[in-house]
Amino acid sequence: MWITMGPQHPMTHGLWTLRVKVDGEIVTDSEPELGFIHRGVEKICESRDFTQITPYCDRLCYVSANTWAQAYVYAAEDLLEVEVPERAEYIRLIAVEIQRIASHLMWLGAYTPDVGNLTVFLYCWRDREMFVDLLQELGGSRLHYNFPRIGGVKRDLPIGFAQRARAKINIFFDRLREYERMLDESTIFLIRTQDIGCTKAEDLIAHGVSGPNLRAGGVNYDIRQANPYSVYEELDWEPAVESPSIKGGDSYDRYRVRMEEMRQSANMVLEALDKIPGGAETHHAPDDPAILAKAPLRAPEGASSMHRFEDSRGEAAFHIIGGGEQRGKYPYRISIRSPMFITIPYVTKVLIGHKIADIPAIFGSFDPCIGETDR
Amino acid sequence: MDWLDVRGFVEWSTDGVTQATIGQTRFWEYKDVVSTVLTEATMGGVVFGLIMGTVLMIIWIERKLIARLMDRRGAMTSMRSLWAGESGLDAGEWWRKVPYGIGSIIGRVIRLLQRIIGNSSKKPTVDRVNDRSYLGWPILPGMFQNVADGVKLLQKEWMVPKSADRMMFEAAPIIIISSTVVILGLIPLGPGIYGPDLQYGVLFAMAVFGVAPLGIFFAAWASNNKYALIGGIRSAAQLTAYEIPLLLVVLSVCILSGSFNFREIVQDQIDAHTWNIFIMPVGFLLFITTMVAEVERTPFDMPEAEAELVEGWWTEYGGLRWGLLFAVEYLRTYAACILTALFFLGGWQAPFAGLIAATPGIGEQLAFIYGLIPGVAWVLIKAWFVFTIFVWVRAALPRVRTDQILEFGWQWLLPLAVLNVLIAGMMRLFLYEPLTDGWFTWNIIPTMLLGSIPFLILIAYTSEEGEDATRPEPILVTDLSHNALATKAKQLDGADTV
Amino acid sequence: MATSLSTSANEASVNALVAATEKRFGGAGIEISTKKHAGGRHNHSYLTMTVPAQHLKSLAKWLKHEQNIDLCSLITGVHWPAKAPEQEWEVVYHLVRTTVRNPPVVEGSQTVGLRVDYNALPVSQTPLEIEIHVLLPSDSPVVDTVEDIWPSASWNEKETWDLVGIEFSGHQNLHRVLLPADTPVGYHPLQKQHKIRYHEFNEMYDDPQGFGRKPIDKDRVK
Numbered sequence: 078m079w080i081t082m083g084p085q086h087p088m089t090h091g092l093w094t095l096r097v098k099v100d101g102e103i104v105t106d107s108e109p110e111l112g113f114i115h116r117g118v119e120k121i122c123e124s125r126d127f128t129q130i131t132p133y134c135d136r137l138c139y140v141s142a143n144t145w146a147q148a149y150v151y152a153a154e155d156l157l158e159v160e161v162p163e164r165a166e167y168i169r170l171i172a173v174e175i176q177r178i179a180s181h182l183m184w185l186g187a188y189t190p191d192v193g194n195l196t197v198f199l200y201c202w203r204d205r206e207m208f209v210d211l212l213q214e215l216g217g218s219r220l221h222y223n224f225p226r227i228g229g230v231k232r233d234l235p236i237g238f239a240q241r242a243r244a245k246i247n248i249f250f251d252r253l254r255e256y257e258r259m260l261d262e263s264t265i266f267l268i269r270t271q272d273i274g275c276t277k278a279e280d281l282i283a284h285g286v287s288g289p290n291l292r293a294g295g296v297n298y299d300i301r302q303a304n305p306y307s308v309y310e311e312l313d314w315e316p317a318v319e320s321p322s323i324k325g326g327d328s329y330d331r332y333r334v335r336m337e338e339m340r341q342s343a344n345m346v347l348e349a350l351d352k353i354p355g356g357a358e359t360h361h362a363p364d365d366p367a368i369l370a371k372a373p374l375r376a377p378e379g380a381s382s383m384h385r386f387e388d389s390r391g392e393a394a395f396h397i398i399g400g401g402e403q404r405g406k407y408p409y410r411i412s413i414r415s416p417m418f419i420t421i422p423y424v425t426k427v428l429i430g431h432k433i434a435d436i437p438a439i440f441g442s443f444d445p446c447i448g449e450t451d452r
Numbered sequence: 101m102d103w104l105d106v107r108g109f110v111e112w113s114t115d116g117v118t119q120a121t122i123g124q125t126r127f128w129e130y131k132d133v134v135s136t137v138l139t140e141a142t143m144g145g146v147v148f149g150l151i152m153g154t155v156l157m158i159i160w161i162e163r164k165l166i167a168r169l170m171d172r173r174g175a176m177t178s179m180r181s182l183w184a185g186e187s188g189l190d191a192g193e194w195w196r197k198v199p200y201g202i203g204s205i206i207g208r209v210i211r212l213l214q215r216i217i218g219n220s221s222k223k224p225t226v227d228r229v230n231d232r233s234y235l236g237w238p239i240l241p242g243m244f245q246n247v248a249d250g251v252k253l254l255q256k257e258w259m260v261p262k263s264a265d266r267m268m269f270e271a272a273p274i275i276i277i278s279s280t281v282v283i284l285g286l287i288p289l290g291p292g293i294y295g296p297d298l299q300y301g302v303l304f305a306m307a308v309f310g311v312a313p314l315g316i317f318f319a320a321w322a323s324n325n326k327y328a329l330i331g332g333i334r335s336a337a338q339l340t341a342y343e344i345p346l347l348l349v350v351l352s353v354c355i356l357s358g359s360f361n362f363r364e365i366v367q368d369q370i371d372a373h374t375w376n377i378f379i380m381p382v383g384f385l386l387f388i389t390t391m392v393a394e395v396e397r398t399p400f401d402m403p404e405a406e407a408e409l410v411e412g413w414w415t416e417y418g419g420l421r422w423g424l425l426f427a428v429e430y431l432r433t434y435a436a437c438i439l440t441a442l443f444f445l446g447g448w449q450a451p452f453a454g455l456i457a458a459t460p461g462i463g464e465q466l467a468f469i470y471g472l473i474p475g476v477a478w479v480l481i482k483a484w485f486v487f488t489i490f491v492w493v494r495a496a497l498p499r500v501r502t503d504q505i506l507e508f509g510w511q512w513l514l515p516l517a518v519l520n521v522l523i524a525g526m527m528r529l530f531l532y533e534p535l536t537d538g539w540f541t542w543n544i545i546p547t548m549l550l551g552s553i554p555f556l557i558l559i560a561y562t563s564e565e566g567e568d569a570t571r572p573e574p575i576l577v578t579d580l581s582h583n584a585l586a587t588k589a590k591q592l593d594g595a596d597t598v
Numbered sequence: 040m041a042t043s044l045s046t047s048a049n050e051a052s053v054n055a056l057v058a059a060t061e062k063r064f065g066g067a068g069i070e071i072s073t074k075k076h077a078g079g080r081h082n083h084s085y086l087t088m089t090v091p092a093q094h095l096k097s098l099a100k101w102l103k104h105e106q107n108i109d110l111c112s113l114i115t116g117v118h119w120p121a122k123a124p125e126q127e128w129e130v131v132y133h134l135v136r137t138t139v140r141n142p143p144v145v146e147g148s149q150t151v152g153l154r155v156d157y158n159a160l161p162v163s164q165t166p167l168e169i170e171i172h173v174l175l176p177s178d179s180p181v182v183d184t185v186e187d188i189w190p191s192a193s194w195n196e197k198e199t200w201d202l203v204g205i206e207f208s209g210h211q212n213l214h215r216v217l218l219p220a221d222t223p224v225g226y227h228p229l230q231k232q233h234k235i236r237y238h239e240f241n242e243m244y245d246d247p248q249g250f251g252r253k254p255i256d257k258d259r260v261k
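Protein chains in written order, with the working numbering: chain A, 78 to 452; chain B, 101 to 598; chain C, 40 to 261.
So here's chain A without its partners, still in its complex pose:
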């Protein structure tokens, strides 16, 4: 019997349909239907300036807006051959890592109600407020920031930002421990997530899954180190890796990887605030060359660029083909690689053999976001 977990469903974390074929409680086949919020971003961007495309990229994955805008901006900088000042790179890193924490908190707040615990849901919202406030100070609004510019950033760190960020992150470490005590030591959480949705590392990479889902399989492949960009190598950090069981990385491993990543990101932000050139207390005006380099408006003839980026959900990439003098202001074709577009069909295969009650436990642990899937 086919069950449709239709476009409107409390569990699916977005607007898509999951059709599962069940035999009693066991899933024997499944099939996703995507495309409900396909907004045609790739086509739209063919008639927009390079700077006008940045807000569109925020809206690709609205939960993790800064990372997508940055992914695009790095690709555009490759195309337009712009060198970014170092202070701007640090500010971008701070924004991206705070965004990563906020995105993972949103994931946790959506995952635990799937497993049944409603309390952690509200705790995560309480803590996400702190980080959304910080991002609001940087970018101006709470969800779509339009923060990076080609060549740098829109604004410098506000006065007192560093002090507020440090205070909030120190509170956050305690809260992380609270979550870990609540969930890691809960037998019910363990029996719901261990040995559920086991995935092996080589299967994952063959199917294109990357990011925390891949690191839960046992290898520390992280684009920030394998194809480096920005100033990550000047900070002291490690990608979070789990040692999974012989059956592969299960949902519990994916959960642990993200908790560790939150801690890593928080440490990175603290370190970046200490190491930022010029200090965290200086504030430059918005057009100052210390934070924004002048970028050409047109791409060279026949140029194209491809940049991969470590988004909170995996590998995001932008492939931009410039148009040269004729249409040089606008890209000729912009192609977006969304990690979730590749992961969701894979997860529907992972579901086979589990029970219906495991579907939210597995799907939630892969952290789906449909905005970037459908573009």
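The reader is advised that the hints may include incorrect statements.
Partner residues aside, some chain C positions facing chain B, computed with beta carbon under 8 Å [to be verified]: (1) SER97; (2) LYS100; (3) GLU127; (4) THR138; (5) PRO143; (6) VAL144; (7) GLN149; (8) VAL151; (9) GLY152; (10) LEU153; (11) VAL155; (12) ALA159; (13) LEU160; (14) PRO161.
Because the hints were derived from the structure by calculation, they are not lab data. For clarity, every value in this text was computed on a predicted model and none was experimentally measured. In this text, a Cβ means the ideal position worked out from N, Cα and C, and glycines have one as well.
Chain A is fixed; fit chains B and C onto it per the hints.
Just chains B and C now, with coordinates in the frame of chain A:
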């Protein structure tokens, strides 16, 4: 017997009434029967009314406690929201819509109240996500929310799906609700407040309590909806699995008291000066666990699990039908809590009464004041306390998967319940001394030790599972070929670091 | 403590792959070159190849099995109506060599996670990126599927067919994935003849809901 003897009053007055009416006619030999029937009916109504009246209290406890546990502060909706605005935002001048001109009077009252206790705070409307405490001092904080919810559900569409089996669809909530409500009239709430005093009251109550799964299954099948069907089947399996340990625990309580009568069970606890929770702690835990599963609350609420089944067997029910099912879930929970209070927590006996009376000097006066609290208040307070535990468990624990629930019920709770029955039997046979005027009815220390044997077994079995083995730390590799990795693994194996 | 891939390791691995590819496929019409990431602080190089469509499958198999390119990251279809008819369609494949291996088993049921030191790896295992261009003629935009080599290509190919119209022969199930299932056959919006409604940015502000527009079938006789 405390001073609030409603039953005595009702009996006296119905006696008087029937004497004055029927006793003077030629049907005078039926006077006693009529008087009894009237008394039982009235008292049943009183008990029912009390329970229904106070069920609002437990809904309020649930909302408030869950909110505070989830770190949300402030009232959601209170009476005050009808007239108070927040920095210029309010419900609008809703009174103008009330017909027949009554609205203008309401409007005048509201403007008066707004002048006196209105809110003129300048804080922005939604200050922080979870903190609404800036609204100031509300009246009856949060009580109005339930009324508002009820009114909202009342005015929704009364809808039956076209391809649903209409008769069973409509009959199912009736079965569930009526089977729950029947019990409510039977439970004694105090030494002087009880309805019909059946000699086998406990059996009857448990039998009727168990009719509800039938209604649930009807609802699931008749809805003609795959989600509802899955939810209903899970529910039927779960409730059946947990009925049996429940009945066995109830049986063991009745063995301890030697009767199936509610009042005698409570009276035995009072006479023995110990509550059953101390004699049989495992029974208490079993009872609470199985009751949580019976009323389908988290962590056992898989049948209505929101995550995959939308609402499970409630999916097709909307409006007031859903509201009634929701209310009946709380009524069942309330009935379970009151039963816990009666079976295990000594019913209407005030705790520490003897200790208070023994205070040097002012003991008698304190005892007098303490004794002013009627027994019914103690039953309700204990029931609310047990409910608080239910709510705490709900806030803290995730949901257990259905097959894990069933495994838990059949493999762990059933043997423990059987063991409990055996122990109760042994305690009654060997450690029970019939009431002699004295202090103990139970030979208390051996009783407590014996009653805890299942507990010790449980602890012995579960404490070994403990922490899962610490996982090995990731290793640094510089060569990814298959041989190199295998060699590294062998090194780790041999090095015995994990 | 793994550090980022250094420029020298990257250069070495890219040059090694260029040499290996030229040795294996030199003369089959494949043009190989290296490009650098031009912006930012790390100017790492990557491989660019232009491959005729008939050699794609064998090249892909060789890359996957011999050179260990294990991730097919992105497949892009581009429509170039302005170019010569033999080059009207282009498919761009982005492939990546990652360092992902199944972690080795240590104790029966437990594995141990791996932390890879990118700079200490042998040259044939260092991570690198590859870009492959395949040019297709205008009357038959068909290319062999690579979904049997890299399963992640499956949905990328579906999307490319759905939006651009390039067919992948041998694909199991090409269906509409982002557009609705009842989209007319032959409608592929990312082709250049389909214009989006507001070509100019300012039109959006003048008439955002399109009240001033005429209906699409205004002049059609019904």
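Results of checking the hints against the structure:
1. SER97: Because about 24 Å separates C/SER97 from the closest Cβ in chain B, which is outside the 8 Å limit, the hint is violated.
2. LYS100: With a minimum Cβ separation of about 20 Å from chain B (threshold 8 Å), the hint on C/LYS100 is violated.
3. GLU127: violated (41 Å)
4. THR138: It holds, given that the least Cβ distance between C/THR138 and chain B is near 6 Å, below 8 Å.
5. PRO143: holds (3 Å)
6. VAL144: holds (6 Å)
7. GLN149: C/GLN149 check passes; min Cβ-Cβ to chain B is 7 Å, inside 8 Å.
8. VAL151: Hint on C/VAL151: holds, closest Cβ of chain B at ~5 Å, below 8 Å.
9. GLY152: Given a least distance of 3 Å, the restraint on C/GLY152 holds.
10. LEU153: holds (5 Å)
11. VAL155: Result: holds, 6 Å to nearest chain B Cβ.
12. ALA159: This hint holds: C/ALA159 lies near chain B, its Cβ roughly 4 Å from the closest one there, short of 8 Å.
13. LEU160: It holds, given that the least Cβ distance between C/LEU160 and chain B is near 6 Å, below 8 Å.
14. PRO161: Where the cut-off is 8 Å and the nearest Cβ of chain B is about 6 Å from C/PRO161, the hint holds.
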